[in-house]
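Based on these hints, arrange chain F on the given structure of chain H.
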Amino acid sequence: GAGVSQSPRYKVAKRGQDVALRCDPISGHVSLFWYQQALGQGPEFLTYFQNEAQLDKSGLPSDRFFAERPEGSVSTLKIQRTQQEDSAVYLCASTPVRTSLEQYFGPGTRLTVT
Amino acid sequence: GESVGLHLPTLSVQEGDNSIINCAYSNSASDYFIWYKQESGKGPQFIIDIRSNMDKRQGQRVTVLLNKTVKHLSLQIAATQPGDSAVYFCAESPTGGFKTIFGAGTRLFVKA
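Protein sequence lines correspond, in order, to chains H and F.
In this text, residue positions in the first sequence follow my numbering: the first is 38, and each later residue adds one.
In this text, residue positions in the second sequence follow my numbering: the first is 65, and each later residue adds one.
Mixed in with the good hints, there may be bad ones.
Below, in silico cross-link-like pairs of lysine to aspartate or glutamate (DMTMM-like), each with a Cα-Cα straight-line distance of 25 Å or less [as the list claims (entries may be wrong)]:
1) H:K94 <-> H:D55
2) F:K135 <-> H:E81
3) F:K175 <-> F:D81
4) F:K106 <-> H:E81
Simulated from the structure, these hints should not be mistaken for laboratory data.
Chain H extracted, bound-state conformation (with noise of 0.2 Å):
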């Protein structure tokens, strides 16, 4: 079936604009997630959703990041005034019940802030 598929793929922005990532997770996931995941590193946690409901926004960075899940289903990454220091890939992940074992990932967007 359908894994959960993240848009676009690559991104390049320039230093200052804003940036609108996309996760469509597994049909009828409840629990979504967003990592960062910077060259060489393991992925870092940004925040959760359980639903429509954002649980947990701690590793948000800054308050340039927003994500957002309206309706439950797909999940925007928002980046505004993008610095270079937000170049990294951007992974999406979900499951099924409301864990945050087993979760199953997108392959992620590459942004490059130049």
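This is chain F only, laid out in the frame that chain H set:
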């Protein structure tokens, strides 16, 4: 494809040998420990998890060992195959929460 980890600890094994990947964790309060595999250009893929009240769990060709005394986790892969070449991450899942903490990763090379 994209390179996941350019400067990660590396383990190189011969095809058919067993591999052991080690991980030290930090949070004694974590409820679950999980291993993920990440191939170049892809997102992590779940391998196996173990609850904190267990010390060993086996899956298909994989075994995870947990030593809470020294906060150490290991992943053993039997009869390693070229398709096992990837970066392997251990992760912790806290009790009562959803914030999964990933380790730095180990790159496994399998020589044919």
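Quick rundown of the hints versus the structure:
For the suggested pair H:K94 and H:D55, the alpha carbons sit about 19 Å apart, so the restraint of at most 25 Å is met. Proximity of F:K135 to H:E81 is assessed by CA-CA distance (about 20 Å); at most 25 Å being required, the pair is judged to hold. Distance restraint check for F:K175 and F:D81: the Cα-Cα separation of roughly 10 Å lies within the 25 Å cut-off, and the hinted pair is therefore satisfied. The suggested pairing of F:K106 with H:E81 holds, with an alpha-carbon distance near 16 Å, which does not exceed 25 Å.
Going through the hint list in order, the structure satisfies each hint without exception.
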